[in-house]
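Protein chains: 2
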Amino acid sequence: MKFTCQRENLLNGINIVSKAVSGRTTLPILECILLTVSKEGFKLTANNLELGIETAFIDADVEETGIIAIEAKIFSEIIRRINGESVSIETDEKNMTLISSGFSQFKIAGQDGEDFPMLPIVEKNNEYVLFQNDLRNMIRQTIFSIAQDESKPVLTGELIELSNNSINMVSVDGYRISYKKSNLISGNDNIEVIVPGKTLNEISKILSNEGEDKVSLYVTDKHILFDLGKSIVVSRLIEGEYIKYRQSFTEDFKTKIIVSRSELISSLERACLISRDSKKIPVKLEIGGNRIIINSNAELGTAHEEIEIDCDGDGLKIAFNPRYLIEALKVIEEDKVAIQFTASLSPCIIKPLDGDEYKYLILPLRM
Amino acid sequence: MKFTCQRENLLNGINIVSKAVSGRTTLPILECILLTVSKEGFKLTANNLELGIETAFIDADVEETGIIAIEAKIFSEIIRRINGESVSIETDEKNMTLISSGFSQFKIAGQDGEDFPMLPIVEKNNEYVLFQNDLRNMIRQTIFSIAQDESKPVLTGELIELSNNSINMVSVDGYRISYKKSNLISGNDNIEVIVPGKTLNEISKILSNEGEDKVSLYVTDKHILFDLGKSIVVSRLIEGEYIKYRQSFTEDFKTKIIVSRSELISSLERACLISRDSKKIPVKLEIGGNRIIINSNAELGTAHEEIEIDCDGDGLKIAFNPRYLIEALKVIEEDKVAIQFTASLSPCIIKPLDGDEYKYLILPLRM
Numbered sequence: 005m006k007f008t009c010q011r012e013n014l015l016n017g018i019n020i021v022s023k024a025v026s027g028r029t030t031l032p033i034l035e036c037i038l039l040t041v042s043k044e045g046f047k048l049t050a051n052n053l054e055l056g057i058e059t060a061f062i063d064a065d066v067e068e069t070g071i072i073a074i075e076a077k078i079f080s081e082i083i084r085r086i087n088g089e090s091v092s093i094e095t096d097e098k099n100m101t102l103i104s105s106g107f108s109q110f111k112i113a114g115q116d117g118e119d120f121p122m123l124p125i126v127e128k129n130n131e132y133v134l135f136q137n138d139l140r141n142m143i144r145q146t147i148f149s150i151a152q153d154e155s156k157p158v159l160t161g162e163l164i165e166l167s168n169n170s171i172n173m174v175s176v177d178g179y180r181i182s183y184k185k186s187n188l189i190s191g192n193d194n195i196e197v198i199v200p201g202k203t204l205n206e207i208s209k210i211l212s213n214e215g216e217d218k219v220s221l222y223v224t225d226k227h228i229l230f231d232l233g234k235s236i237v238v239s240r241l242i243e244g245e246y247i248k249y250r251q252s253f254t255e256d257f258k259t260k261i262i263v264s265r266s267e268l269i270s271s272l273e274r275a276c277l278i279s280r281d282s283k284k285i286p287v288k289l290e291i292g293g294n295r296i297i298i299n300s301n302a303e304l305g306t307a308h309e310e311i312e313i314d315c316d317g318d319g320l321k322i323a324f325n326p327r328y329l330i331e332a333l334k335v336i337e338e339d340k341v342a343i344q345f346t347a348s349l350s351p352c353i354i355k356p357l358d359g360d361e362y363k364y365l366i367l368p369l370r371m
Numbered sequence: 005m006k007f008t009c010q011r012e013n014l015l016n017g018i019n020i021v022s023k024a025v026s027g028r029t030t031l032p033i034l035e036c037i038l039l040t041v042s043k044e045g046f047k048l049t050a051n052n053l054e055l056g057i058e059t060a061f062i063d064a065d066v067e068e069t070g071i072i073a074i075e076a077k078i079f080s081e082i083i084r085r086i087n088g089e090s091v092s093i094e095t096d097e098k099n100m101t102l103i104s105s106g107f108s109q110f111k112i113a114g115q116d117g118e119d120f121p122m123l124p125i126v127e128k129n130n131e132y133v134l135f136q137n138d139l140r141n142m143i144r145q146t147i148f149s150i151a152q153d154e155s156k157p158v159l160t161g162e163l164i165e166l167s168n169n170s171i172n173m174v175s176v177d178g179y180r181i182s183y184k185k186s187n188l189i190s191g192n193d194n195i196e197v198i199v200p201g202k203t204l205n206e207i208s209k210i211l212s213n214e215g216e217d218k219v220s221l222y223v224t225d226k227h228i229l230f231d232l233g234k235s236i237v238v239s240r241l242i243e244g245e246y247i248k249y250r251q252s253f254t255e256d257f258k259t260k261i262i263v264s265r266s267e268l269i270s271s272l273e274r275a276c277l278i279s280r281d282s283k284k285i286p287v288k289l290e291i292g293g294n295r296i297i298i299n300s301n302a303e304l305g306t307a308h309e310e311i312e313i314d315c316d317g318d319g320l321k322i323a324f325n326p327r328y329l330i331e332a333l334k335v336i337e338e339d340k341v342a343i344q345f346t347a348s349l350s351p352c353i354i355k356p357l358d359g360d361e362y363k364y365l366i367l368p369l370r371m
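Here the protein sequences come in this chain order: A and B. Each residue of the first sequence is one higher than the one before, counting from 5 in the working numbering. Each residue of the second sequence is one higher than the one before, counting from 5 in the working numbering.
For reference, chain A alone in the conformation it holds in the complex:
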C-alpha cells in the first residue's frame, strides 16, 4: 500500500471510527483501525464486534492499493500531532508501516488487514429517514435513564419504535421512564428494536447538529445500520421483549404545577450539598400555596429551599431521589416545565410546558 492524503481528512476519519475501537481486549486486532486503500481513495473501519463504524471512501493520491490494521491509539496520536498538510503512508510485505509528514517519519508495526473482522452485512430493504440533529436530541433526552446493571439486559438499551411517520425512543431503569417522539422524513412498516445504550452514546458523538443533515436507519433481525452519508454505523440489537411502558403515562392527576426548570435545578442541587455522597439523599417536596418547599437532611446538617410556582389542585408532600429529578430537568429545553402528581406514593410526570413529545415518569421515595 502507498498513498498520500490530506492530514485533516485522515484525522476526521480517525476521530469518527475511533468511537468503535475496543479498549484493551483479548483480541488485539480490535484495538486497531483498518485502513483500506483502493482506486477510490481510502476508508477507515473500526469494529468492537458489538458496534462497527466505517467511513465512506475519502480522496487520496493512491500509488498502490492494499489494506492494513494499525493500532488506533498511536495512529490517532501521530496523525493529530504531525504538522504537515499532507501525510504519506506506505506499508511493506511484513506490515511495517511508514508514516511521513513534513520533517517527521514514523515506522510502526501494523497487522494483517485480512485478520480484521468484517462489519455485519445489513440489507437495505426498509429505510427510515430523519434529521441527524433530531436523533441526537432524542438520545440526549433519554439515554441517562437506561439501566446501569445487567440484570435485565433489555433495559441496558433503548426501545426504538419506528412507523411510517414517527420514531419514539424509550428508556426505563426501574425507577423512571424517559420517552421522546420525533417526526420521520420518511418511514415504512411499524417495527420495534432494542439498541444497546453504548451504541447510542457513541453514535450521538458523531451525529451532526446541522439542521439539514439526514440519517437513514435500516433494521434486520440482529442488527441496525445508521447511514450518516460520510460514514455508517452498524450495531447489534439486544434480543428480548421490552417492557410495556405506555399505560404508565396516565393523564389522571390531582395536582399540576408549573415551575422554572433552572430554579428547580439550582434548589435541588443546593439541597444535595449537605450530603457528602451528593445527590443520593432523598429530598422532600412540600407543594401548596403557590410554592414548593424543599427540605433535605443528612449527616452534615439540613437544607431548606423555597421556590415560587403556579399550582393547580391539592397540596401534597412527596420525596424523591434528587438525581432522578435533576437529570430529567437538565435535558428539557424550555424553561417552564409542568409536573403532574397524583399522590405521595404514585409516580409523577414531568413535561415541557408545551407539547408532549418529551415525557418523563419518576417514582417517588417512601418518606
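Calculated directly from the structure, the hints in this document are not laboratory data. Among the hints, erroneous ones may be present.
DSSO-like cross-link-like pairs, simulated, lysine-lysine; straight-line CA separation at most 27 Å [what the hints assert, rightly or not]:
| # | chain 1 | residue 1 | chain 2 | residue 2 |
| --- | --- | --- | --- | --- |
| 1 | A | 284 | B | 111 |
| 2 | A | 111 | B | 288 |
| 3 | A | 288 | B | 77 |
| 4 | B | 248 | B | 226 |
| 5 | A | 111 | B | 284 |
| 6 | A | 77 | B | 284 |
| 7 | B | 334 | B | 355 |
| 8 | B | 111 | A | 321 |
| 9 | A | 77 | B | 334 |
| 10 | B | 111 | A | 288 |
| 11 | A | 288 | A | 355 |
| 12 | B | 77 | A | 284 |
| 13 | B | 288 | A | 77 |
| 14 | B | 321 | B | 363 |
| 15 | B | 209 | B | 185 |
| 16 | A | 288 | A | 321 |
Just a sample of chain A residues kept apart from chain B, beta carbon distances all over 12 Å, derived [as the list claims (entries may be wrong)]:
| # | residue |
| --- | --- |
| 17 | 10 |
| 18 | 20 |
| 19 | 58 |
| 20 | 169 |
| 21 | 227 |
| 22 | 229 |
| 23 | 245 |
| 24 | 320 |
| 25 | 321 |
Even glycine gets a Cβ: it sits at the ideal position worked out from N, Cα and C.
Based on these hints, arrange chain B on the given structure of chain A.
For chain B alone, coordinates are given in the frame of chain A:
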C-alpha cells in the same frame, strides 16, 4: 456570632484560604476554615500545620462577634451555589451554624473555633519586597524540577536566596537544576531558606498577575511569611543544607545551538508518541550541519524528526529523557533558546537567547 456580608467577598476569601485546608486527616479540625468575626468585619483562616493562610478583615455588617470552625468543603460549596447577593451567618452556643441567602437556608454543625490551631507568629524584622507577578513566574519556571521522592528532604523544596537587591530560586532533583533570578524592590541582609514545594505550588495560585501588586517576605529560623496585602501565607521552612549548585553552571562549552523552542517541543513530543509509556523513553539527538535529527525507538516502532537550527561548534550525539527537555522548554517565554553542550556525557545548559535570569541544567542519558 451573627453577621451579614456580600456573598462574593466571602467566596473570594474561601477560595484563597482553601489552598491551606487539609485533605482527610486524623485531625478533623484541619479540614475546617476558621471564621473570625470582630468589629472590623470577618476574616478566614486555614492551617494544615505545614502551611497557613489568613485573609485580612473583610467588611461585614456585624451584630455579634465570635469564632467558629466550619468544614471547608461544604462551606465552600454552599457559598458557591447560593444565589443571593448577601449571606447571613449565625451560630448558637452549640456551634450549630445557620447560613441564609435568598430563599436558601442551611443548618450545619460547626466546631469550636478555640480548638483551631493558631498560625505561627513570624516577627516582621527583615522585609524583602518584590512584585507578585515576578514571584509567580519564578515559581512556575522552577517548581517542576523539585525532587518527587522524600529521600533527600531538602530537595523537595526550593532554595530561595535573598539579598538587598535580588532573589534567586533554585530547584534540583538529581537529574537537572532550574535557576531563576529576579529583582527585589527592596531587600536586606543576605539570607538563604528552603521553602517546601507544596507551599510554593499553593501560593502561586493566589499570587496576582497584575503588574503593580507587591508581596513582602519575612523570614525567621523556622518560618517564612508572605504578605500579599489581602492575605498572608505562613509556611514552615525545610531544615538542612541545600546542595552547592553554582559551579554546575559552567560557561565552558564546545557546541552552542539556537533553536525554536516551539519546534523543538513539538518534535520531542512527537518522538515520544511511539512509546506507550509516553515521555519515558530516551530520545537521541544528532547535532551538526545546522540541524538536529531526533530519533527514538520503542516497543511500538521508531520516530525520526528533523529541525533546522543555528549551530556553532562541533557536532555531537547525545541522549536525553525527553520529559526533562520538554518541561524546561515549556516554561521559557522567548521563542528562541540557546543550548550549550560540552560532550555526550556532560550536562547541557538551556537558556533563553537573551539574558541569563533563567538557566536550566540537564544531565544526558548514556546511549
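Here is what the structure says about each hint:
1. A/284 to B/111: holds, 19 Å
2. A/111 to B/288: holds, 16 Å
3. A/288 to B/77: holds, 24 Å
4. B/248 to B/226: holds, 21 Å
5. A/111 to B/284: holds, 19 Å
6. A/77 to B/284: holds, 17 Å
7. B/334 to B/355: holds, 12 Å
8. B/111 to A/321: holds, 22 Å
9. A/77 to B/334: holds, 25 Å
10. B/111 to A/288: Answer holds: residue 111 of chain B to residue 288 of chain A is near 16 Å, not above 27 Å.
11. A/288 to A/355: holds, 20 Å
12. B/77 to A/284: Roughly 17 Å between the alpha carbons, so the hint for residue 77 of chain B and residue 284 of chain A holds.
13. B/288 to A/77: holds, 24 Å
14. B/321 to B/363: holds, 22 Å
15. B/209 to B/185: holds, 20 Å
16. A/288 to A/321: Holds - the C-alpha atoms of residue 321 of chain A and residue 288 of chain A are around 7 Å apart, at most 27 Å.
17. 10: holds, 19 Å
18. 20: Per Cβ check, residue 20 of chain A is outside 12 Å of chain B; nearest 21 Å; holds.
19. 58: holds, 25 Å
20. 169: About 44 Å separates residue 169 of chain A from the closest Cβ of chain B, which puts it past 12 Å; holds.
21. 227: holds, 34 Å
22. 229: holds, 34 Å
23. 245: Per Cβ check, residue 245 of chain A is outside 12 Å of chain B; nearest 44 Å; holds.
24. 320: At about 20 Å from chain B, residue 320 of chain A clears the 12 Å cut-off, so the statement holds.
25. 321: holds, 19 Å
In this structure, every one of the numbered hints holds.
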